[in-house]
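Student: Here is what each chain is made of, one letter per residue.
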Amino acid sequence: MIVEPIESSMPHGARFIRLEFSPAENERREKEERKKVIVPTANGRRAITNTSQIPWAPSTPPPPPPPPPRQQQLLLVVVVRGLLRPKAPAGSGRPPRRRRLQGPLLGAPPRGAAAGAPGDGHGQLRLPHPPPRLRRRPLQPFRSRLLGRLHSLRAPHQLLLLPPTSGFPDPPYPTASLLGSGWLDLPSCAPHPHPHPHHHHHQSVLVVPQQQQQLTVVTALEEDPGIQLVHALMTCAESVERGDSSLAASLVEEMQALLARVNTSCGIGKVAGYFIDALRHRLLGLGSAAPPAAASAYGNEVLLYHHFYEACPYLKFAHFTANQAILEAFDGHDCVHVIDFNLMHGLQWPALIQALALRAGGPPMLRLTGIGPPSPDGRDTLREIGLRLVGLARSVNVRFAFRGVAASRLEDVKPWMLQVRPDEAVAVNSILQLHKLLGSDPPREPPIGSVLPWIRALNPKIMTVVEQEASHNQPGFLDRFTEALYYYSTLFDSLEAACPVQPDKALAELYLQREICDVVGREGAARVERHEPLDKWRARLGRAGFRPLHLGSNAFKQASMLLTLFSAEGYSVEEVDGCLTLGWHSRPLIAASAWQAVPSVVNSPPPPPLPRVVINHDDSNNQL
Amino acid sequence: MMQFTETPSPPPQPPSFHQSPTPLFSSLSMNKNQVHRTSPWPGFPMPKSLGSFGDANCMEQLLVHCANAIETNDATLAQQILWVLNNIAPADGDSNQRLTCGFLRALISRAAKNGTCKMLAAMANAQNYDNLCNETHKFSIIELANFVDLTPWHRFGFTAANAAIIEAVEGYSVVHIVDLSTTHCMQIPTLIDAIANRLEGPPLVKLTVAGAVEDAPPMLDLSYEELGSKLVNFARYRNIHMEFQVISSSYTDGFSSLIEQLRMQKLMLSGGIGEPEALVINCHMMLHFVPDESVPLISDSEASPNYPFESSSIYSPRWTLLKALRCLDPNVVVLVDEDADFSSNNVASRLRSAFNYLWIPYDTVDTFLPRGSKQRQWYESYIFWKIQNVIAQEGLQRIERLEPKNRWVQRMRNADFRAIPFGEDAVSEVKAMLDEHAAGWGLKKEEDDLVLTWKGHNVAFATAWLPA
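Residue numbers (the numbering used here), protein chains in the order written: chain A, 33 to 656; chain B, 5 to 472.
Certain hints may be false.
Under 8 Å between C-beta atoms, here's a sample of chain A residues computed to sit facing chain B [what the hints assert, rightly or not]:
hint, residue
1, L336
2, K348
3, F352
4, Q386
5, A387
6, A389
7, L390
8, V428
9, Q590
10, L594
11, F598
Quick look at which bits of chain B chain A covers, simulated, 3 or more residues with Cβ under 8 Å [what the hints assert, rightly or not]:
hint, segment
12, 70 to 83
13, 86 to 100
If you anchor each label on the Cβ, the simulated ranges turn out as follows [what the hints assert, rightly or not]:
hint, chain 1, residue 1, chain 2, residue 2, range
14, A, G394, B, L470, 48 to 58 Å
15, A, S604, B, S298, 38 to 48 Å
16, B, E75, A, R453, 24 to 34 Å
What the hints contain is simulated information worked out from the structure, not anything from laboratory work. Beta carbons are placed, not taken as given, at the ideal position from N, Cα and C, and that holds for glycine.
Same shape as in the complex, but just chain A:
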């Protein structure tokens, strides 16, 4: 079997990708490995079982372990990659500044644990030394079954410690831990993903710490196909990363069979279905193809966007948080100009126009430049939306001018097209757009490097940035996949809770499905959903000459109030250093921030050009 090169950024990862096995050999190896329930490593300090494997997230950064014997590395990678994913905050060493504490159970990986710290443990076990003490935490009864699973998957130490009768919501499923000096304490001792998810009866392996290098094996029945699906997904993603596409393909087929045994209308079944589709898409080689262009695609996107907008509070939160910042920034200005990086329906603007109409001191002269893709069907959609906005502005006595700029990609827009006047206060509004500028095929630089400077040159009074709070721009596929699985599971969970019966829901989910397909299924320039967390944006925008503006307690109170009134319980607004995030049960999913261009000082050298590695650090190693 020839493994096709896949995108992977394992710095030393080539050895995994070059592996070539014949199918027979492959099978033989698998069998062999399955026999080894426990594989003691050379130094005897860790062991591997091939029982089902569980991804999880330690909350403390593990120090690098001694390198495992090379022979075991393939297996180790299976265990480690992604599953032991959370790492130390990249480079910065900054402590988390989030207002709300997150227990490991609820815990997303630390912000800033995004990919990109060079050499941070690809193919290596990273273990805390000395290990932290194990803590037992109560399970959260309000969490959905799905999230509960994923969380527990990410926190196996809990799973290991809780006896089956302790109220754990799921049927006991196979766990394994490793023995050795302090091994039990390590959050990083994840069980092995089972390569054959249709084997329903697994052994659970629990570790008794007192007995060095010895295992007490506790058997338990594993029947839950949902759990098996997650395990299979992780194994499949791992094999994709490793380049073993035939194994991945067969896993996809197995998972498809497994899907028949779970409820795919909700919970893990639904999410798994989307991820399986995305994996299949990728394995079929469609990943490098450009997203389907043309008429229907854009029309669909607008439709899906609208339904997503209605079905859950994320986009609404984005709009009124951004509007709040823009309204306050425009205070006292008589000529104001909003540049919207993605006009869509223009849904964000009626409220702002209305608020400007009634602001103290009378309304300003408002100009709105709406950027959007050219209409494929010959209609001038931008103009149609502009005309409606003009009508609205007229009805509330706001002097208003609209200008549409049709561009397929944001990087095609040039500053002169925006016709910014020297006397006007400019607001640049980017809702879920900037991450699309992070990708490119080498040797081209990612467009963000050229877009941010011209935004800054416009000298905007404010730039509002809303981005997904996720690390979907990681070079390693398994990392990205795991993060995406967790992120979208949470998102779907919130959708299910928020709108139990709503016609919008199916279409809103399709909107997310497209994102999943992009994150998981595409590579290179075709992959545009390169979500990065707030910390990374903060650093990037800071380097590009922007300084953060505090969104203010007003925006926080208001967002909280509007959410409390109109959304399901479970959403939470948090303030992090002047930025607002909206999340589901303390997992932030979307982040809003506001920025101001730092004026260039005359006679001082211009800010140093952004080095490519900084702009898109992650992708620089990304392509094979």
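Please arrange chain B on chain A, whose structure you already have, making use of the hints.
Tutor: For chain B alone, coordinates are given in the frame of chain A:
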């Protein structure tokens, strides 16, 4: 591919901002049919009329749209409008902004009630509203007396009613006053003063009040018994013997126990027990608390405007009360109330009425209370209580069920009363009282009745009635 879309600026607008409150009313009649309008931004469509009357009207429209969005569970639109309103209606703004802020808060609590138990959380998150949440202030007698004297709002009714009562009880040596008022007998001292000075000498005054169990502002920090003894003392200083009785009774059932008691007393009197007395029923801005036909007769928790109650078979405590009062054969019934219509079961329609009425107290307050004063806080929280009750409450909890003067006149006629005109004395006394207040207040005589106005808009009416 690059396309540019230019959309020209609209033509210059006629200057229509920052007008006096007059346009508020210019739109009142034409707004009546617009209650069920579709959302203001359908594909963001905004009705053409929005914004063409100035800020106040814009705010009213936004509030109405918001109310409709909340009623139809249109969360998106409701959120957007609430966002706008939050930004344009600061709690410490001008009178229109404060008025809008009051309605905004009421809509928030209405929305919170539509959901689960989100009320507290939502209110806690609402901004800048802390200073408005003082409706529980309990007045001392002195505070309340001063408070009521600040504005003709209540004094108008007191003055007109007292003049009518003095006239009606002329010659009677026993006067029985049944005081159904929200102001805790604040009218009585001046009435005692006037009666004490009458030519034929002071009568025995019996004062009966309904000790309501429900709390509606303004609230007093002492019991009716204590209040009664103070009034009795006051009367004694004026050489008037006064008997005071409190009858526990609730407006919810049309004061039925009070009526029952009065009927017993009347029976005893007509049976020759006790001295003949002049019976005066003084209704001061309280009868609108009594449920009308639109209140379903079910428990509070189930109360809902959609309750499928046959309108023909409705039991109306308001109607029953008036009939019962008629049966007491009183020497005079004085009915004073606020002249507005809060009786609709449609919240948007009530919102319009209330918005177009309650701007008045916000508009007047600058003439008699400085910003930041405690009294002003009490005063505005009192108005807010009304807004809150009209907008956020339903069923038996919604007690601010004002009806306009003409409807009360009809009710009284149907209950077999006939109107009697106010005398010249009453008119001149009211005029003299108004002279003590700001220039915007005025007095209108409509047929037999007196109407208090502010800048030409009806505020309250006073009517006097005899059994037909």
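Student: State for each hint whether it applies.
Tutor: Results for each hint:
1. Taking 8 Å as the C-beta contact cut-off toward chain B, the hint placing L336 of chain A at the interface is violated, the least distance being around 16 Å.
2. For the restraint placing K348 of chain A at the interface with chain B, the shortest Cβ-Cβ distance is roughly 6 Å, inside the 8 Å limit, so the hint holds.
3. Satisfaction of the interface hint for F352 of chain A is found here, the shortest Cβ-Cβ separation to chain B being roughly 5 Å, below the 8 Å cut-off.
4. Evaluation of the Q386 of chain A hint against chain B yields a held restraint, the C-beta minimum of about 5 Å falling below 8 Å.
5. A distance limit of 8 Å between C-beta atoms decides the matter here; for A387 of chain A the minimum to chain B is near 5 Å, and the interface restraint holds.
6. About 6 Å separates the beta-carbon of A389 of chain A from the nearest beta-carbon of chain B, less than 8 Å, and the hint is met.
7. With a cut of 8 Å, the hint placing L390 of chain A at the interface with chain B holds, because the nearest CB-to-CB distance is about 4 Å.
8. About 4 Å separates the beta-carbon of V428 of chain A from the nearest beta-carbon of chain B, less than 8 Å, and the hint is met.
9. Hint status for Q590 of chain A relative to chain B: holds, with the closest Cβ pair at about 6 Å, below 8 Å.
10. Because the smallest distance between the Cβ of L594 of chain A and any Cβ of chain B comes to about 5 Å, under 8 Å, the interface hint for this residue holds.
11. For F598 of chain A, the suggested interface contact is upheld, since its CB lies about 4 Å from the closest CB of chain B, less than 8 Å.
12. Coverage of the segment 70 to 83 of chain B by chain A holds [criterion: at least 3 residues with CB-CB distance below 8 Å; count 4].
13. Counting residues of the segment 86 to 100 of chain B whose beta-carbon sits less than 8 Å from any beta-carbon of chain A gives 7, enough to reach three: the coverage restraint holds.
14. Against the hinted window of 48 to 58 Å, the Cβ-Cβ separation of G394 of chain A and L470 of chain B comes to about 56 Å, which satisfies the hint.
15. Distance hint for S604 of chain A and S298 of chain B: a CB-CB separation of about 41 Å, consistent with the stated range 38 to 48 Å.
16. Between E75 of chain B and R453 of chain A the CB atoms are about 44 Å apart, so this pair departs from the stated range of 24 to 34 Å.
Checked against the numbered hints listed earlier, the structure breaks hints 1, 16; every other hint is satisfied.
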